[in-house]
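Trainee: Protein chains in written order, with full-length UniProt numbering: chain A, 1 to 343; chain B, 1 to 343; chain C, 1 to 343; chain D, 1 to 343.
Think of the hints as simulated: they come from the structure by calculation, not from any bench.
The reader is advised that the hints may include incorrect statements.
A pair counts as met if it fits within one copy or between any two copies, since identical chains are not told apart.
To be verified - Cross-link-like lysine to any residue pairs, in silico, SDA-like; alpha carbons within 20 Å at most:
hint	residue 1	residue 2
1	Lys46	Asp190
2	Lys218	Arg75
3	Lys6	Ile128
4	Lys2	Asn25
5	Lys310	Pro120
6	Lys39	Pro129
7	Lys135	Leu220
8	Lys108	Ala84
9	Lys135	Gln221
10	Lys135	Glu107
11	Lys6	Asn127
12	Lys39	Ile128
13	Lys2	Asp24
14	Lys135	Phe224
15	Lys267	Ile183
16	Lys311	Asn127
17	Lys6	Leu26
18	Lys162	Pro115
19	Lys2	Gln28
20	Lys6	Pro129
21	Lys2	Lys337
22	Lys135	Ile219
23	Lys6	Asn25
24	Lys337	Ser301
Number of protein chains: 4
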Amino acid sequence: MKFSFKNDYSEGCHPQILESLLRDNLDQQAGYGEDDYSKKAKDLIKNNIEVQDADVYFVSGGTQANLIVISSILRPYQCVISAATGHILNNETGAIEATGHKILSIEKEDGKLFPSDIIPVLESHQNIPHQVMPKLVYVSNSTELGTIYTKKELEDLSAFCKANNLYLFMDGARLGHALTSEISDLELKDIAQLTDVFYLGGTKNGALLGEAIIVNNKILQEDFAFNIKQKGALLAKGRLLGIQFLELMQNDLYFELAKNANQQAMKIKNALSERGVQFLSDTYTNQIFPILDNQIIEVLSEKFEFYVWKKVDENLSAIRLITSWNTNNTAVEEFIKTFNGEL
Amino acid sequence: MKFSFKNDYSEGCHPQILESLLRDNLDQQAGYGEDDYSKKAKDLIKNNIEVQDADVYFVSGGTQANLIVISSILRPYQCVISAATGHILNNETGAIEATGHKILSIEKEDGKLFPSDIIPVLESHQNIPHQVMPKLVYVSNSTELGTIYTKKELEDLSAFCKANNLYLFMDGARLGHALTSEISDLELKDIAQLTDVFYLGGTKNGALLGEAIIVNNKILQEDFAFNIKQKGALLAKGRLLGIQFLELMQNDLYFELAKNANQQAMKIKNALSERGVQFLSDTYTNQIFPILDNQIIEVLSEKFEFYVWKKVDENLSAIRLITSWNTNNTAVEEFIKTFNGEL
Amino acid sequence: MKFSFKNDYSEGCHPQILESLLRDNLDQQAGYGEDDYSKKAKDLIKNNIEVQDADVYFVSGGTQANLIVISSILRPYQCVISAATGHILNNETGAIEATGHKILSIEKEDGKLFPSDIIPVLESHQNIPHQVMPKLVYVSNSTELGTIYTKKELEDLSAFCKANNLYLFMDGARLGHALTSEISDLELKDIAQLTDVFYLGGTKNGALLGEAIIVNNKILQEDFAFNIKQKGALLAKGRLLGIQFLELMQNDLYFELAKNANQQAMKIKNALSERGVQFLSDTYTNQIFPILDNQIIEVLSEKFEFYVWKKVDENLSAIRLITSWNTNNTAVEEFIKTFNGEL
Amino acid sequence: MKFSFKNDYSEGCHPQILESLLRDNLDQQAGYGEDDYSKKAKDLIKNNIEVQDADVYFVSGGTQANLIVISSILRPYQCVISAATGHILNNETGAIEATGHKILSIEKEDGKLFPSDIIPVLESHQNIPHQVMPKLVYVSNSTELGTIYTKKELEDLSAFCKANNLYLFMDGARLGHALTSEISDLELKDIAQLTDVFYLGGTKNGALLGEAIIVNNKILQEDFAFNIKQKGALLAKGRLLGIQFLELMQNDLYFELAKNANQQAMKIKNALSERGVQFLSDTYTNQIFPILDNQIIEVLSEKFEFYVWKKVDENLSAIRLITSWNTNNTAVEEFIKTFNGEL
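Isolated chain A (complex conformation) (with noise of 0.2 Å):
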């Protein structure tokens, strides 16, 4: 069985979340995530965030999440705007054009929206009513490119959608791997207060399932909880995915696991690195995009699944590898050794 870098879903979820659904199994919980699992897990989240009025919800996967919340702040002519790269316009088989809405794109090499991107759109978008009317900002962080945000940059997004009557929606499936990345000098409580909506990602950070919607605007907050019953995303057992952020958001459990998957990607970037690899991006946080020699990545592609990415030029491909919460020391000193040859 090969080691596989090719996402960090691979696995099932960190022991801990089975041991605690093994204990809590045969208590009789209310339905519809009005069990006190739940209820403890929002709590938790709202002392991590420090908004206290903020409110929570929870629900199975990214698509999900990202569907639920542009369908419900938009109005029918009311559109997103959303780098090239964005998830939202290339991975989700146009879910929200399903719902009704209109995803303009930005291209970005590296896959961040900065206010400078976004002016042109709006000034491109005046033609009332023949025009869709942009209204909400859609980020990633990190982004699907594995880059992140830095504080200014966020503080400076959000003042701008602020100032332009946008709202500022940030995936977090992987915000995880975001904010513990060396570089970063973000905390999940600027991300509350600088955008109107957020998700924290379990999927791709050691729970089964489950992302935690968080909204902060309190005119966004509105009988949010009819889209998600509406789109098919209230679980029954909602218990178990109250179960789940309840042991993530203990402890800090959520970022040492993030941090471990960065941390065991910057061993192979490092690596790779000294050996003079260059990478399609500079990244620090669980998605690098070394770009290797094509014989190499047979030899690698022997003992190790992973994605090649892109073709770079006759010889070069740039190959993509994803850590986990869970990968660990041995596979990444296997990997880099087979690089190095010695294996």
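Place chains B, C and D on chain A using the hints.
Mentor: Only chains B, C and D this time, still in chain A's reference frame:
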């Protein structure tokens, strides 16, 4: 802590499922339902229904299953026919309409649809193109009232649908309970033969979450997977659903669990019947609706949780009791004794 | 050629409208409703309803008006309340549901909604967030059965809606006929005061096409124009609608046309009543539903076109007769004489 | 009053249409497109395209036609491919997305799509089921930039679409102008042979309103009428559309009107070319984009209305001039003389 007869999703899951999750937890698997467990579970289901070319998909819950199936099948101007008690009509926050489709409602005391119920609906929808086109018949088995279809009834309905170019879709959130009812003459393979698409409910029968959608009709199979993803229902860790259905479908665990729920309900039903209690409807599954004196209801509610379903007259009300895979003799006997005034 | 009493849109338009189209035909004007005619027509309407800050939009037809208004007002999980006879329920091919919204139906023999009809609907939709949220009450005046609201009835309904946070929307496809009915005590300005949004039907009252949507509620005015465009309802040559409403709203032509339609219907009603004919409902607008002997129906149908509406018993059926702005004395008298056996 | 070259829908309609409306005004006819005029007009169109089993539907405008056709054809997860200049992408307030479908955009300077443009889109949408499925190619002829397809180009595109299971839909809002362009080698019947569905624009070619949707593909014909009604596009007085297309399609009036528009544009183009003016694109229809000195633009704008389309450099800008069926020699000559400094 009072024992709850409020529903069949108060507890976690059958312990065997948790054991299996534990055992396979760190096994790396492909995402999005391409894992080995899901594949095996699908094969098991196809063997059980004796239809090798059926398509099987696992999703998280009933509302999700309903909206995916219906929106996948219907063209924009086509609509659903449902009994007025249908879950899609009253309990899903307009999830079906949110995908663009009207539901035509038929008042039926027992929650079951027969050809004679549907004929007038077809006859009153002939003003083309000014009316929606009825195209799919939605039935639940067991129904929201705990009643079930006989083989003859389902055969007639199926033949009628075929003759009238209607698709037949069975919501099987409690299909296990229907099939293991002491009065049922239907088997799982019959359901596959007689419907175009149906699902096998896990959430209400011992799983943490999960419904298995089975698409029998070849035409409806085409591209079905796209809808699952688009509606946000494709779990990254599809293994979670695969492992559960693998456990449930092995060694008839699924049917044993449902049978237990039914039997416990029947024990209460019989004990109360012996004491002359009347029931709102004559059910043989895990939902019963005894009509009790309000004073007795008050006494019972001190020890047990349940819903008061319907006021019958000044002194009497029907309550709803739901038993689950995990309802044990202790709770049932205590309930009966309390009713009998022995406790 | 038989004279048709089938509906009020069999002919073209009032000749004055064609004259005006001819006169202004080659005048170059801005498109999309920004033409001078539309502006003047909107001012006229605002003067007539005595609400200077209302917003007025012209669209092509009733289904279009209904779907634009409703989809503009409601958030995804909100729904409409309508009498079961409502045009949106039976005659618009699911147009409202196609925009994502459920319609809750209330059986009413006369097609009119009162607070007492709505209260139980509100009471049975309290299971948050598992049910749709009732938010808009849809009424027609005159109704699909030709009945009308009294001032008192509309005031009560309006107050009830305000008290319950419901929007009140009046489908005025035949509002002219309602207001000019001999028993009406409502004026156009009352409608504007008592509803959040309504429309003034042109198509069924002498225009080639066109309904004037009037948005009174300031909150609902915001960005309304976007929905008109998005739903394909913004005519490039908006002048066509502007010119027509300019003609209709000048010198009370609109009300004269409706009054003529009503009067001709009343002539037939009175003549038949004198002969002892019963009616399905007691209407005072341009729709009447006499219950006639099948033999007489056959005789009449040799000379006139109309719908046989409902079988009453073996010998009797109700027919529907609709008169229009253009129905003249000759046709009416001939109908009466034929009925009387004088022809 | 300045003469306007802003668009081709500034005036009313061709006088012959008004005469016909006048002549037939009081003739009673069936509603909803079942009138004699509509039937005759449809027959005429079928004769003109030489496809007797095509289905023809009249609707009010281009956005309406686009959203009806596309939402009728596509299943929920399927999407449209369009040039970035496509009207559906930029000028319809997200009308297509509002029906649930994504539009994939291809940057093309001339607004035309070739197989080589589409191939990479197909290749980059193979991650089933995580991406939308491209299913329909949307082209305009003439395009939003005034360019047109040659017969060879359309044949290649049509063959490519067939080979790749893509539907080909032509937006013919200005199809008359395309077909009567001095460089066109396409005829109306070719369009019918080479597309699955297209429409023939009336609004921009002498009608008050109206586009004739022609569905050639038998599969797409099924139940198409329901969508027209559901989207609010079925006019009660369908005669208004029937009479207009009857006039336009008789004696080639439709093509004469388009030819006049083209010829007047070409006169200006030629006159300006002779003086050395460059154009943004080399068009042979009724849209031209001369690049002029800002000072000349200012002089011209004192006498004429037109859009300044694009800033080219400090001194030069492209303007857009659109001529119509009604643009006469006087206006054209005056424009040329003004340009030449002779006025």
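Trainee: All hints, please: hold or fail.
Mentor: Results of checking the hints against the structure:
{"no.": "1", "hint": "Lys46 / Asp190", "verdict": "within (13 Å within a copy, 50 Å between copies)"}
{"no.": "2", "hint": "Lys218 / Arg75", "verdict": "both (17 Å within a copy, 16 Å between copies)"}
{"no.": "3", "hint": "Lys6 / Ile128", "verdict": "between (45 Å within a copy, 17 Å between copies)"}
{"no.": "4", "hint": "Lys2 / Asn25", "verdict": "between (34 Å within a copy, 17 Å between copies)"}
{"no.": "5", "hint": "Lys310 / Pro120", "verdict": "between (29 Å within a copy, 15 Å between copies)"}
{"no.": "6", "hint": "Lys39 / Pro129", "verdict": "between (44 Å within a copy, 17 Å between copies)"}
{"no.": "7", "hint": "Lys135 / Leu220", "verdict": "both (13 Å within a copy, 18 Å between copies)"}
{"no.": "8", "hint": "Lys108 / Ala84", "verdict": "both (7 Å within a copy, 18 Å between copies)"}
{"no.": "9", "hint": "Lys135 / Gln221", "verdict": "both (17 Å within a copy, 18 Å between copies)"}
{"no.": "10", "hint": "Lys135 / Glu107", "verdict": "within (19 Å within a copy, 24 Å between copies)"}
{"no.": "11", "hint": "Lys6 / Asn127", "verdict": "between (44 Å within a copy, 15 Å between copies)"}
{"no.": "12", "hint": "Lys39 / Ile128", "verdict": "between (44 Å within a copy, 17 Å between copies)"}
{"no.": "13", "hint": "Lys2 / Asp24", "verdict": "between (35 Å within a copy, 16 Å between copies)"}
{"no.": "14", "hint": "Lys135 / Phe224", "verdict": "both (18 Å within a copy, 15 Å between copies)"}
{"no.": "15", "hint": "Lys267 / Ile183", "verdict": "within (15 Å within a copy, 64 Å between copies)"}
{"no.": "16", "hint": "Lys311 / Asn127", "verdict": "between (41 Å within a copy, 18 Å between copies)"}
{"no.": "17", "hint": "Lys6 / Leu26", "verdict": "between (36 Å within a copy, 15 Å between copies)"}
{"no.": "18", "hint": "Lys162 / Pro115", "verdict": "within (11 Å within a copy, 42 Å between copies)"}
{"no.": "19", "hint": "Lys2 / Gln28", "verdict": "between (41 Å within a copy, 9 Å between copies)"}
{"no.": "20", "hint": "Lys6 / Pro129", "verdict": "between (45 Å within a copy, 18 Å between copies)"}
{"no.": "21", "hint": "Lys2 / Lys337", "verdict": "within (15 Å within a copy, 59 Å between copies)"}
{"no.": "22", "hint": "Lys135 / Ile219", "verdict": "both (14 Å within a copy, 18 Å between copies)"}
{"no.": "23", "hint": "Lys6 / Asn25", "verdict": "between (32 Å within a copy, 17 Å between copies)"}
{"no.": "24", "hint": "Lys337 / Ser301", "verdict": "within (13 Å within a copy, 67 Å between copies)"}
In this structure, every one of the numbered hints holds.
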